[in-house]
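Chains as they are written, first to last, in our numbering: chain A, 1 to 339; chain B, 1 to 184.
Everything labelled a hint here was simulated from the structure, so no lab data went into it.
Yeah, the Cβ is synthetic: ideal placement off N, Cα and C, and Gly gets one too.
Just to be clear, a hint being listed does not mean it is correct.
[Said to hold, decoys possible] Pairs of lysine-lysine residues, derived as DSS-like cross-links and limited to a Cα-Cα distance of at most 30 Å, are as follows:
(1) Lys326(A) <-> Lys130(B)
(2) Lys62(B) <-> Lys152(B)
(3) Lys233(A) <-> Lys200(A)
(4) Lys62(B) <-> Lys339(A)
(5) Lys233(A) <-> Lys123(A)
(6) Lys233(A) <-> Lys199(A)
[As the list claims (entries may be wrong)] Not everything, but these chain A residues come out facing chain B in the computed CB check (under 10 Å):
(7) Gln132
(8) Asp170
(9) Pro261
(10) Ala263
(11) Ala269
(12) Pro272
(13) Ala275
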Amino acid sequence: MKQARPATLLLPLLLSSCDYQSYQSTFSDAATEVRNFNILFVVFLVICAFMYVLVIAFLVATIARRRRAHANVVEAGKHHESDPLMRTGLIAWGALVATGLIGLAIASFFTDRSMASAAAHEKLSLTVTANQWWWDVQYNASDVSKTLRTANELHLPVGVPVRITLRSNDVIHSFWVPSLAGKQDLIPGRENDITIVPKKVGVYRGQCAEFCGTQHAHMALVVNVDSYGDFLKWWQQQLRPAFAPATPLAQAGYNYVTTGPCAACHNIAGTPASATVGPDLTHLASRRSIAAGTMPMSSGNLYGWVEDPQSIKPGSRMPTIGLEPKQLHAVVAYLETLK
Amino acid sequence: MSSRFSVSTLALALAVVAFAGCDREERHSRSKPLGETVPAGESPDTILPGGSQPPAPDPRAKLYDNNAPAIAEGQFLYTRMNCVGCHAHGGGGMGPPLMDDEWRYGGRIDQIAATIAEGRPNGMPAWRGKLTDDQIWKLAAYVRTLSGQPSKDSVSSRSESMSATTPQTLTPREPVHNSDTAER
């Protein structure tokens, strides 16, 4: 026990690893909301810590006083009359608590206001629908030919207020990209929304923050904050239908994917595969990860995932089909052309 | 004193033995064995030449019948694969109802799995090659809940996803009749 105490004092040192520049961090300053929230957090921390230290100091002082045989005064309830200093002290204490609480309320009000004002200047509208255990992403546009569907990866232009409508197809999930925004639940049968104004170009990781079933831990998404030009380039590229297979091997894969079991769940724009049960695969190979952030995108991981998803993500809705090696080579060759 | 002690010991021992019965289901995320779980070749149809008996139930039926995770997965597939489009939530429409007591092609789980895998005349598509055998068996397990066949402790009182139907635990159990004709 005695050795444990100094070790506990060292625990705050672990906080130093909370690098605010990192991939997934609540201490980030990559979006206006997160910046404002961090300021609010510091304000709350400082005021509450000050009050806490004060209360503890009074407590210690009281214990010390009691030892000096002043015990009867408090118990007799006559401290007001007997000690004018105590009376002033109590009034000052009340005033201090009131001032502190009003200060916190004002700080919290302004943080709220900044979020609401961002929502009023929405420039881009997205719908993110959570499924067990992946994210369906749709970019809305008044021109239907400009709407696009992708999965598990967001691209956002820097500095543009983005309103994300959150829905769920099954159970309650929670959308959490700590570097860019606070948590917001996705609830089946209703719509929530969240507004983000990303301020820094970069790649951020988000994940589901509400336990949603066996593969809750493997339900992540990647958010790319791009410059406006890069974002438009990405948008144009995503709007294109899938490339036609160029090699005989990819053609064999195309035939299998668009007529076999893959097409029962997945959509590949421009091919007969047009189901909406699973993630959209039109530009699968342009994404950073597969299986909702479970593994980085690579040939090897694609082979593993397509051949036996149930060993990588047991319980997920992608079934293990038991592809023959020949079919597997063809399917992966085709999927890799989906840039 | 000693007799009371032995009675309570006996009761405790019995309670421990009763725990052995707590083996309700097995969760398996893969077909076992891969690729051959739907009855292939010999179809366990009710339409059999010369009045012969249908084949013995498929041994794999045990893996899926009364298996809560399989039934829940089956329910997911039932809506996502658009079984609802023809059979509604059991009441039928373009396709025959699944909540009544009549089974044109047999009401056993292996017979239902065969119906889903091979398809049937007048519109039922064959799902073999589109769904895995494991998925087809799970669907069959769910289809049986529509007429209240599985035990009440294996079905859910509250669906995992949005649903407008009554809870599966309240579904009345229908008898299983084989209807002889495809037309009514």
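Cross-check of the supplied hints:
Between lysine 326(A) and lysine 130(B), the direct Cα distance comes to roughly 19 Å. Compliance with the 30 Å bound is thereby established for this hinted pair. For the hint linking lysine 62(B) to lysine 152(B), the alpha-carbon distance of about 16 Å falls within 30 Å, and the restraint holds. For the hint linking lysine 233(A) to lysine 200(A), the alpha-carbon distance of about 18 Å falls within 30 Å, and the restraint holds. Our distance criterion of 30 Å between C-alpha atoms is broken by lysine 62(B) and lysine 339(A), whose separation comes to about 44 Å.
Of the pairs offered as hints, the one joining lysine 233(A) and lysine 123(A) holds, with about 17 Å between alpha carbons and a cut-off of 30 Å not exceeded. For the hint pairing lysine 233(A) with lysine 199(A), the CA-to-CA distance comes to about 19 Å; that is within 30 Å, so the pair holds. The restraint placing glutamine 132(A) at the interface with chain B holds, with a minimum CB-CB distance near 8 Å, inside the 10 Å limit. Evaluation of the aspartate 170(A) hint against chain B yields a held restraint, the C-beta minimum of about 4 Å falling below 10 Å.
Because the closest C-beta pair between proline 261(A) and chain B is about 6 Å apart, less than 10 Å, the hint holds. A least Cβ separation of about 8 Å between alanine 263(A) and chain B falls short of the 10 Å threshold, and the interface hint therefore holds. For the restraint placing alanine 269(A) at the interface with chain B, the shortest Cβ-Cβ distance is roughly 20 Å, beyond the 10 Å limit, so the hint is violated. This hint is violated: proline 272(A) has a C-beta 13 Å from the nearest C-beta of chain B, more than the 10 Å allowed.
This hint holds: alanine 275(A) has a C-beta 8 Å from the nearest C-beta of chain B, less than the 10 Å allowed.
Hints 4, 11 and 12 from the earlier list are contradicted by this structure; the remaining hints agree with it.
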